[in-house]
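Asker: Read off the chains here:
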Amino acid sequence: GQSLEQPSEVTAVEGAIVQINCTYQTSGFYGLSWYQQHDGGAPTFLSYNGLDGLEETGRFSSFLSRSDSYGYLLLQELQMKDSASYFCAVSASGGYQKVTFGTGTKLQVIP
Amino acid sequence: SAVISQKPSRDICQRGTSLTIQCQVDSQVTMMFWYRQQPGQSLTLIATANQGSEATYESGFVIDKFPISRPNLTFSTLTVSNMSPEDSSIYLCSVEGETNEKLFFGSGTQLSVL
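Just so you know, the sequences run in chain order A and B. Under this note's numbering, the residue at position 47 of the first sequence is numbered 47, and the numbers go up by one with no gaps. Throughout, this note's numbering is defined as the position within the second sequence, counted from one, plus 1000.
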């Protein structure tokens, strides 16, 4: 099966940079993705890494090291609206690509 | 991107009854996924629904409890049967994007069982 670990909570100051780490154990790994979920809302896709390295999308970047089974999400120039839960998710084979979500990290951005 | 309409958005149900959740997608998709998210927890995959075949259930979920229909490529339903308070949760349907690298989610159904 798959397992993913993330810190449960992170607090950061508006305008700062925060990194949310994710370690995983899985077989048939395809890629690592990140989702944002505001309270009461549905998860929304942020980024995907299929290969090692850094992917940048605006203020958000995501990194993957397949050899270390590790990735992170980097949020720059934090804004109050970034306060949300962030989930890493692993895509793995199982006859079809199956997505398993991590435990989630609740980010609180403070003034 | 895919737009998913999910309903109901919330419901309060009595123990022992059943609730059917509907998801309508604005484009044809091969697979639809049903997830459960208990309060403050992560998302857990219940089953994958393919049009024209039986849904594939994950460990811990069975068809008798969570029957799924997939009558065409744009629609699916999940029924939560013989509900108990432990079924209180948010239920989400999702579909893959074109590149299979991302999932799009419906707005969710918040279910409370008394």
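In short, the hints are calculated from the structure, not lab data. Bear in mind the structure is a predicted one, so any value in this text is a computation, not a measurement. Just to be clear, a hint being listed does not mean it is correct.
To list a few chain A residues with every Cβ distance to chain B over 12 angstroms, as calculated [said to hold, decoys possible]: (1) Leu4; (2) Val18; (3) Gly31; (4) Gly40; (5) Leu46.
Straight-line distance between alpha carbons at most 20 angstroms, and here's what the computed EDC-like set of lysine to aspartate or glutamate pairs gives [said to hold, decoys possible]: (6) A:Lys98 x B:Glu1096; (7) B:Lys1007 x B:Asp1087; (8) B:Lys1007 x A:Asp39; (9) A:Lys98 x A:Glu9; (10) A:Lys98 x A:Glu14; (11) A:Lys106 x A:Glu5; (12) B:Lys1065 x B:Asp1011; (13) A:Lys98 x B:Asp1011; (14) A:Lys81 x A:Glu14; (15) A:Lys106 x A:Glu9; (16) B:Lys1065 x B:Glu1054; (17) A:Lys98 x B:Glu1054; (18) B:Lys1065 x B:Asp1087; (19) A:Lys106 x A:Asp68; (20) A:Lys98 x B:Glu1058; (21) A:Lys98 x B:Glu1101; (22) B:Lys1065 x B:Glu1096; (23) A:Lys81 x A:Glu9.
We put the beta carbon where it would ideally sit given N, CA and C, even for glycine.
Asker: Could you check that no beta carbon of chain B comes within 12 angstroms of the beta carbon of Gly31 (chain A)?
Answerer: Since the minimum Cβ distance to chain B is about 7 angstroms, Gly31 (chain A) lies within 12 angstroms and the statement is violated.
Asker: With a cut-off of 20 angstroms on the C-alpha distance, tell me whether Lys1007 (chain B) and Asp39 (chain A) pass.
Answerer: The given pair, whose Cα atoms are some 19 angstroms apart, holds under the 20 angstroms limit.
Asker: Verify the proposed pairing of Lys98 (chain A) with Glu1096 (chain B), using a straight-line Cα cut of 20 angstroms.
Answerer: Distance ~10 angstroms between Lys98 (chain A) and Glu1096 (chain B) Cα, so the pair holds.
Asker: Hinted pair, alpha-carbon criterion (20 angstroms max): Lys106 (chain A), Asp68 (chain A). Please report holds or violated.
Answerer: violated, 24 angstroms
Asker: Is Lys81 (chain A) within 20 angstroms of Glu14 (chain A), Cα to Cα?
Answerer: Holds. Lys81 (chain A) to Glu14 (chain A) sits at ~10 angstroms (cutoff 20 angstroms).
Asker: Is the Cα-Cα distance between Lys1065 (chain B) and Glu1054 (chain B) 20 angstroms or less?
Answerer: holds, 15 angstroms
Asker: Does the alpha-carbon distance linking Lys1007 (chain B) and Asp1087 (chain B) stay inside the 20 angstroms limit?
Answerer: holds, 17 angstroms
Asker: Next pair to validate is Lys98 (chain A) with Glu1054 (chain B); report whether the Cα-Cα distance is within 20 angstroms.
Answerer: Roughly 17 angstroms between the alpha carbons, so the hint for Lys98 (chain A) and Glu1054 (chain B) holds.
Asker: Decide if the proposed pair is consistent with the structure: Lys106 (chain A) and Glu5 (chain A), CA atoms, cutoff 20 angstroms inclusive.
Answerer: Given that 20 angstroms is the threshold and the Cα spacing comes to 13 angstroms, the pair holds.
Asker: Compare the distance between the alpha carbons of Lys98 (chain A) and Glu14 (chain A) with 20 angstroms, and conclude whether the hinted pair is satisfied.
Answerer: violated, 35 angstroms
Asker: Verify that the Cβ of Leu4 (chain A) lies farther than 12 angstroms from every Cβ atom of chain B, and report whether the claim holds or is violated.
Answerer: violated, 8 angstroms
Asker: Just double-check Leu46 (chain A) for me: nearest Cβ-Cβ distance to chain B has to come out over 12 angstroms.
Answerer: violated, 9 angstroms
Against the hints set out earlier in the document, violations occur for numbers 1, 3, 4, 5, 9, 10, 13, 19, 22.
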